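Peer 1: Chains L and Y, in that order, are what the protein sequence lines are. Residues are numbered in the working numbering as their position in the first sequence, beginning at 1, plus a constant of 42. Residues are numbered in the working numbering as their position in the second sequence, beginning at 1, plus a constant of 74.
It is worth saying that the hints were derived from the structure and are not from the lab. There's no promise every hint is true.
Unchecked claim - In silico lysine-lysine, BS3-like type, Cα no more than 25 Å apart, as pairs:
hint	chain 1	residue 1	chain 2	residue 2
1	Y	K240	Y	K77
2	Y	K251	Y	K82
3	Y	K167	Y	K121
4	Y	K82	Y	K238
5	L	K227	Y	K438
6	L	K203	Y	K167
7	Y	K82	Y	K320
8	Y	K240	L	K203
9	Y	K251	L	K227
10	L	K227	Y	K327
11	Y	K77	Y	K130
12	Y	K251	Y	K438
13	Y	K438	Y	K130
14	Y	K82	L	K227
15	Y	K438	L	K203
16	Y	K77	Y	K238
To be verified - In silico negatives: residues of chain L with every beta carbon more than 10 Å from chain Y:
hint	residue
17	P45
18	S51
19	P68
20	R101
21	S112
22	S119
23	R133
24	I143
25	N151
26	L216
Stated by the list, open to error - Just the calculated beta-carbon pair ranges, DEER-fashion:
hint	chain 1	residue 1	chain 2	residue 2	range
27	L	T162	Y	S124	25 to 31 Å
28	Y	E352	L	Q195	38 to 44 Å
29	Y	D85	L	P93	52 to 58 Å
30	Y	S96	L	Q195	14 to 20 Å
31	L	M43	Y	S329	44 to 50 Å
32	Y	A399	L	P221	53 to 59 Å
33	Y	V382	L	S91	22 to 28 Å
34	L	S91	Y	G435	22 to 28 Å
Computed from a predicted model, the values in this text were never measured in an experiment. Even glycine gets a Cβ: it sits at the ideal position worked out from N, Cα and C.
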Amino acid sequence: MEPFITVRSLGAPLPLKDVDTDMIIPAQFLTSTSREGFGEHLFVRLRASDPSFFMNQDRYRGAQVLITDSNFGCGSSREHAVWALRSAGIRVVIAPSFADIFASNSGKNGLLLVRLDRDTTNALLRECTEGEVVLTVDLERQVVVAHDGREWQFPCDPYLKHCLLNGLDDMDFLRSRLPDIRATKARLQEYSFFSIGTPNR
Amino acid sequence: MAKNIIEKIWDSHVVTANAETSTPDILVIDLMLMHEVTSAQAFTLLKERSIPLFDKTRVVATLDHAIPTRRNRFEILDDSARAQVETLRRFCKEFDVTLFDFDSGYQGIVHVIGPELGITQPGMTIVCGDSHTSTHGAFGALAFGIGTSEVGHVLATGALLQHKPKTMRVRFDGMMKPGVSAKDAILKLIAEIGISGANGHVIEYCGSAVRAMTMEERMTICNMSIECGARGGLISPDDVTIAYIKNRLYAPKDSDWERAEAHWRSLSSDEAASYDREVAIDVTDLTPMVTWGTNPEQAMPISGLVPVVANLPSTHRAVAEQALAYTKLKEGQPMRGVSIQWAFIGSCTNGRIEDLRVAAGVMKGRSVHPNVTLYVVPGSEAVAAQAEREGLREIFESAGAHFRMPGCSMCLGMNDDKVPAGQRCVSTSNRNFIGRQGEGSITHLASPATVAASAVAGCITAYEE
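From just these sequences and the hints, can you work out the full model?
Peer 2: Structure below.
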């Protein structure tokens, strides 16, 4: 995974709450067996129906920071939603809250989710819609800095921060703990009444 | 210390050795279910890194999301859907993973086949690359949806990194009136706490109404936990749970059964257990529910009037306006009587035999309205076969419904079964997001009885005896 270095970008506004993963990428585009190419279908319905949508405005081209409302990424567990955002160049999403599975998928693909309070995100949404706001997202310091010097601290799980900064995923960590995992499995064996290899006919 | 069932399962499955405080818990996973849409990339991950499969006896695959539900479903016309199915078959062969393929007798929606095979058992940790994995929680299992990267982690290590969830207890008390179902109860909860109301939590459902429910009804409740943001939802096992599992294909037998039963009963939440949050809903006066908008919290009694936007909390108004523009409903109009063109009975929410029995009971001796196309899609080959044996298929077909082959079908608009643009469908599925059942389609979520009654009437209506 690509390490997360400080991102400096124009903020792109998506002033909607409860943006679901069907909205981020509809199911008909999920019939691929790779992780590539989902970016071209990102927010396809909003692009088709809403001229004010940020992806339909040249001035937001190349934006890497998306600002939106609460509960972003609710609904389906499709990791394709994160792949689509990443492959369209989005590195950071700023919102008051995120859906659980989406948040978990984001961390595994180098997409940083920044939780800021609603008043701040509302103000940023307005400023990004009316004018230009350049934001610097510094994960090391856990701050978002606006071009005019305003600064907002954001929370980040220490383990996730370590993974993002170093471009690590969970696989190596989990594999390094395989002996412990096996020991726990052995302990649980007494209460395990199922094995697919041997149907209890 | 008193523990609830969520804590009991979590604590027993956590790998404790060497845990660092800043790191999430390592949670051992007992079973992973796979389907064609979110699995290929995970197997590819293993191959790219030359990682072997950790334990093939804890992985089960089937085909459900992208497949056609026509009679001759072996012919998959969509090239990429066919590639997904063939890729899953190839990987299952290569890694020696059990795949319940077409005509195995057990193919079906992952969340329908797990329980009916007796694979889903109390106390287990169960994951799948699908957010409705919470369905298995009906058996007192800790079951939740994961992304494809995590599917890869489980394939490689039999474990996942997870933060311990907060716990929420939802009590459904009282006796539901005839014609009111588990679907109405869960829609009521989602409407009450909102689609992010349980974010960060796993829900335990309890109360007299839950105890009185069959396993099928409990699965409907747990299935939709994710629609209020909860990753999982479960119910402590009891006699109903144990009777359902007994004698199923993968259920323990003989002396194992007795040990299993004793263990399962010990999992129930301790009386003094505490929760981070509590919600109570009395279902005595509950009436059939239906959604009016474009997310599952936008639900209301069928007998009611579409909400007036100005009367909603200010944070909900923009979403409500957008929803009403999409669903082409007017503020204050009655929900009952809104014309429909499509009706769908099926999905992991309501595609089980009991759902089909309820719907057939409503349809018997009646006909689908001439303006309506009704799809009845059994959740599995086993459900289809049983529906045939019980004469339910005959009832549906005589009424003019289409009785299809098992799969996710019209729930998610990623296979051949789609609601055409601009048309309105009343559906037993779980999501009414914009375009969920096909580009431009309008979805109203409801119970099997409501969908059957509406298909007959040609408009949204509740079933009345």
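Peer 1: Decide, hint by hint, whether the structure agrees.
Peer 2: Tested hints:
Restraint check for K240/Y and K77/Y: the C-alpha separation of about 13 Å stays at or below 25 Å, so the hint holds. A hinted pair counts as satisfied when its Cα atoms are at most 25 Å apart, and K251/Y with K82/Y does not qualify at roughly 34 Å. Between K167/Y and K121/Y the alpha-carbon distance is near 14 Å, which keeps this suggested pair within the 25 Å criterion. For the hint pairing K82/Y with K238/Y, the CA-to-CA distance comes to about 12 Å; that is within 25 Å, so the pair holds.
For the hint linking K227/L to K438/Y, the alpha-carbon distance of about 50 Å lies beyond 25 Å, and the restraint is violated. Between K203/L and K167/Y the CA atoms are separated by roughly 38 Å; this puts the pair beyond 25 Å, and the hint is violated. Annotation: proposed proximity of K82/Y to K320/Y holds, straight-line Cα distance about 23 Å (limit 25 Å). With a C-alpha separation of about 22 Å, the suggested pair K240/Y and K203/L falls inside the 25 Å cut-off, and the hint holds.
For the suggested pair K251/Y and K227/L, the alpha carbons sit about 45 Å apart, so the restraint of at most 25 Å is broken. Between K227/L and K327/Y, the direct Cα distance comes to roughly 22 Å. Compliance with the 25 Å bound is thereby established for this hinted pair. Proximity of K77/Y to K130/Y is assessed by CA-CA distance (about 32 Å); at most 25 Å being required, the pair is judged violated. Restraint check: the Cα-Cα separation between K251/Y and K438/Y comes to about 21 Å, which is no more than 25 Å; the hinted pair holds.
At roughly 45 Å between alpha-carbon atoms, K438/Y and K130/Y are farther apart than 25 Å, so this suggested pair is violated. For the hint linking K82/Y to K227/L, the alpha-carbon distance of about 16 Å falls within 25 Å, and the restraint holds. Under the criterion of a C-alpha separation no larger than 25 Å, the hint pairing K438/Y with K203/L is inconsistent with the structure, at around 59 Å. About 14 Å separates the Cα atoms of K77/Y and K238/Y, which keeps this hinted pair within 25 Å; it holds.
Every CB of chain Y lies more than 10 Å from the CB of P45/L, the least distance being 17 Å, so the non-interface label holds. Distance to chain Y confirms S51/L as a non-interface residue, since its nearest Cβ pair spans about 25 Å, more than 10 Å. With a minimum CB-CB distance of about 6 Å to chain Y, P68/L fails to clear the 10 Å threshold, and the non-interface call is violated. Every C-beta of chain Y lies more than 10 Å from that of R101/L, the closest at about 23 Å, which supports listing it as non-interface.
A Cβ of chain Y approaches the Cβ of S112/L within 10 Å, the least distance being about 7 Å, so the stated non-interface status is violated. Distance check for S119/L against chain Y: the nearest CB is about 4 Å away, which does not clear 10 Å, and the non-interface claim fails. With a closest Cβ-Cβ approach of about 17 Å to chain Y, R133/L is found to remain outside the 10 Å limit, as its non-interface label requires. At the 10 Å boundary, the C-beta of I143/L falls inside the reach of chain Y, the nearest C-beta of that chain being 6 Å off.
Taking the minimum C-beta to C-beta distance to chain Y, about 7 Å, the non-interface status of N151/L is violated against the 10 Å cut. Distance to chain Y contradicts L216/L as a non-interface residue, since its nearest Cβ pair spans about 4 Å, not more than 10 Å. Roughly 46 Å separates the CB atoms of T162/L and S124/Y, a value that falls outside the hinted 25 to 31 Å. For the pair E352/Y and Q195/L, the beta carbons lie near 32 Å from each other, so the given range of 38 to 44 Å is not met.
The supplied range of 52 to 58 Å is met by D85/Y and P93/L, whose beta-carbon atoms lie about 53 Å from each other. At roughly 18 Å, the beta-carbon separation of S96/Y and Q195/L lies within the given 14 to 20 Å, and the hint holds. Restraint check, M43/L to S329/Y: a C-beta distance of roughly 48 Å satisfies the suggested window 44 to 50 Å. In this structure the hint that A399/Y and P221/L lie 53 to 59 Å apart at CB holds, the actual value being about 57 Å.
At about 25 Å, the CB distance of V382/Y to S91/L agrees with the hint of 22 to 28 Å. About 41 Å separates the C-beta atoms of S91/L and G435/Y, a value inconsistent with the hinted range of 22 to 28 Å.
Hints 2, 5, 6, 9, 11, 13, 15, 19, 21, 22, 24, 25, 26, 27, 28 and 34, counting from the list given before, are not met by this structure.
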